[in-house]
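Each protein sequence line maps, in turn, to chains A and B. Count the first sequence with full-length UniProt numbering and you get residues 1 to 179, in order. Count the second sequence with full-length UniProt numbering and you get residues 1 to 179, in order.
Everything labelled a hint here was simulated from the structure, so no lab data went into it. Treat the hints with care, since some could be wrong.
[Stated by the list, open to error] Computed list of lysine to any residue pairs in SDA-like fashion (alpha-carbon distance at most 20 Å, straight line):
| hint | chain 1 | residue 1 | chain 2 | residue 2 |
| --- | --- | --- | --- | --- |
| 1 | B | Lys-153 | A | Glu-164 |
| 2 | A | Lys-76 | A | Glu-49 |
| 3 | A | Lys-75 | B | Lys-153 |
| 4 | A | Lys-124 | B | Leu-105 |
| 5 | A | Lys-124 | B | Leu-91 |
Since we're looking at a predicted model, the values are computed, not measured.
Below, each chain spelled out in residue letters.
Number of protein chains: 2
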Amino acid sequence: MSLPHALLTSLAERPGSGSELASRFDRSIGYFWHATHQQIYRELGRLEEAGWIESLPAESGRGRKRAYRILPAGKKELRRWIAESENPTPLRDELMVRLRAEAVLGPAGLEAEIERRLALHQEKLDLYREIEARDFPEDPASRTARLQHLVLKAGIAQEQFWVEFSREALDILGPSKRK
Amino acid sequence: MSLPHALLTSLAERPGSGSELASRFDRSIGYFWHATHQQIYRELGRLEEAGWIESLPAESGRGRKRAYRILPAGKKELRRWIAESENPTPLRDELMVRLRAEAVLGPAGLEAEIERRLALHQEKLDLYREIEARDFPEDPASRTARLQHLVLKAGIAQEQFWVEFSREALDILGPSKRK
DNA sequence: ACAACCATGTAAGTAGTTACATGATTTA
DNA sequence: TAAATCATGTAACTACTTACATGGTTGT
Numbered sequence: 001m002s003l004p005h006a007l008l009t010s011l012a013e014r015p016g017s018g019s020e021l022a023s024r025f026d027r028s029i030g031y032f033w034h035a036t037h038q039q040i041y042r043e044l045g046r047l048e049e050a051g052w053i054e055s056l057p058a059e060s061g062r063g064r065k066r067a068y069r070i071l072p073a074g075k076k077e078l079r080r081w082i083a084e085s086e087n088p089t090p091l092r093d094e095l096m097v098r099l100r101a102e103a104v105l106g107p108a109g110l111e112a113e114i115e116r117r118l119a120l121h122q123e124k125l126d127l128y129r130e131i132e133a134r135d136f137p138e139d140p141a142s143r144t145a146r147l148q149h150l151v152l153k154a155g156i157a158q159e160q161f162w163v164e165f166s167r168e169a170l171d172i173l174g175p176s177k178r179k
Numbered sequence: 001m002s003l004p005h006a007l008l009t010s011l012a013e014r015p016g017s018g019s020e021l022a023s024r025f026d027r028s029i030g031y032f033w034h035a036t037h038q039q040i041y042r043e044l045g046r047l048e049e050a051g052w053i054e055s056l057p058a059e060s061g062r063g064r065k066r067a068y069r070i071l072p073a074g075k076k077e078l079r080r081w082i083a084e085s086e087n088p089t090p091l092r093d094e095l096m097v098r099l100r101a102e103a104v105l106g107p108a109g110l111e112a113e114i115e116r117r118l119a120l121h122q123e124k125l126d127l128y129r130e131i132e133a134r135d136f137p138e139d140p141a142s143r144t145a146r147l148q149h150l151v152l153k154a155g156i157a158q159e160q161f162w163v164e165f166s167r168e169a170l171d172i173l174g175p176s177k178r179k
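The whole structure should be built from the sequences, with the hints applied where relevant.
This is the structure we're talking about:
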C-alpha cells in the first residue's frame, strides 16, 4: 500500500494542504498513483497521528485550509520504505477484457468506445508533452531532476502505448472506416 | 468493475471449473485482469444466482470439481457490457512513487529493488514471447485470432516497457556499476 | 491407510469508491 | 446579501487481500 508514502513524498517535495495535495495527485505524483480527496484527508489524519507530519494552523473547524508539512520521523519512515521490496501491481484494464469478449462473441459495438479512449489518451499525451517541454527543457540536469523527468517520460510512454494500441485495435475492428 | 465479465468471457471461450478459471487468470485473460481464487469462487456463485452461468455436476459438497458453463442470458449480458463506456483504470505503481521519493530525499537504496523488478519483467517478457511463438505462428488470421493476438502483444509491449524503464532508472541511480 | 496435494470455500480486515454534508471564502 | 465555489470532512458500500479450513483425490 503506497498512499501514505505517496503523500509523504509529496509533502517532502513541498508542504501543502489537503486540497493542494489532491490537485497534485492529478499531476506529477498522479501519473502513477491516483487518490481522491476523501482518501487523502483520511490518510493525512492517520499520518499526523503517527507523528510523521504536522498541521500548521492552530485550531480550526471545517472549511478552513490546513497546511501540512513532513516531520523528521516522516522522512525517516519514507527513507526506510524506499528500499522495501514489493511486487508490481497487477495490471487491470477492462478494455482488454472487452476485446477478448468481442473476440469470442463477435462484433458487439466496441469501436465507439475505443475511439473515445483514443481521444482521451491523445489528450493526456499532449498534456504530458507540454509539461515536459516546460519543466525539462534542458538535457543535462541534477540527479533529482533526471529522476523526476524519468517518471514523466514513463507517463508519456504509457499514453503513447495506449494511443498506438487503440489505433491497432480500430484497424482490426473496423478496417473499412479507417483512412 | 470487470471481474464478473472477465469470468463470463473466459467461460464463453471454454467451460471450466473454478480452479481452471483461476489458472487461466494467470495467463491469457490475466495479462490484463488479475483475480485470486477466493474472488473467483465468490463471483461464480453470484453469476450462477443471476442466471448467467450454470454448474454441471449435480449436487456435491466441498473438494469436488464443479464445472461451469455460460448460459444464453450470460452471453446476452456480456454483449451488452462490451459496448459500455468506462474510463481507463488509473495507473498505480509504487515503484514510481519510490523513484520520486528517492529523487527528493537522495540515495536510499532503490537500486536493488529495481534490479529485482527488471529480472521479473524480463522473465515475463520471455514467457509471453514463447506463448506468442506457440499460439500465433502465422500472420493472416481470423478476426478472433487477431484480437486475441493484439491483447497478447499489448502484454508484451507492457513488459518491454518495464524492462527498458528499469534499465534507464539504473543508469541514473548507479551509472558506475553498469557496463 | 497415510501423506501430500488439489479444489472449494469461509472469515476478517483493508483500500478504494460513491454519495452526501457543512463551514468558509469568493463572486455577482 | 445571496449564490456559487472551495476546503474539509462523514458514512456506507464494494472490491480486493490475507489467513485459514475442510472435503476429495492421488501416490506410495
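Hint check:
1. Lys-153/B x Glu-164/A: holds, 12 Å
2. Lys-76/A x Glu-49/A: holds, 16 Å
3. Lys-75/A x Lys-153/B: Status violated; Cα separation ~41 Å.
4. Lys-124/A x Leu-105/B: violated, 29 Å
5. Lys-124/A x Leu-91/B: holds, 13 Å
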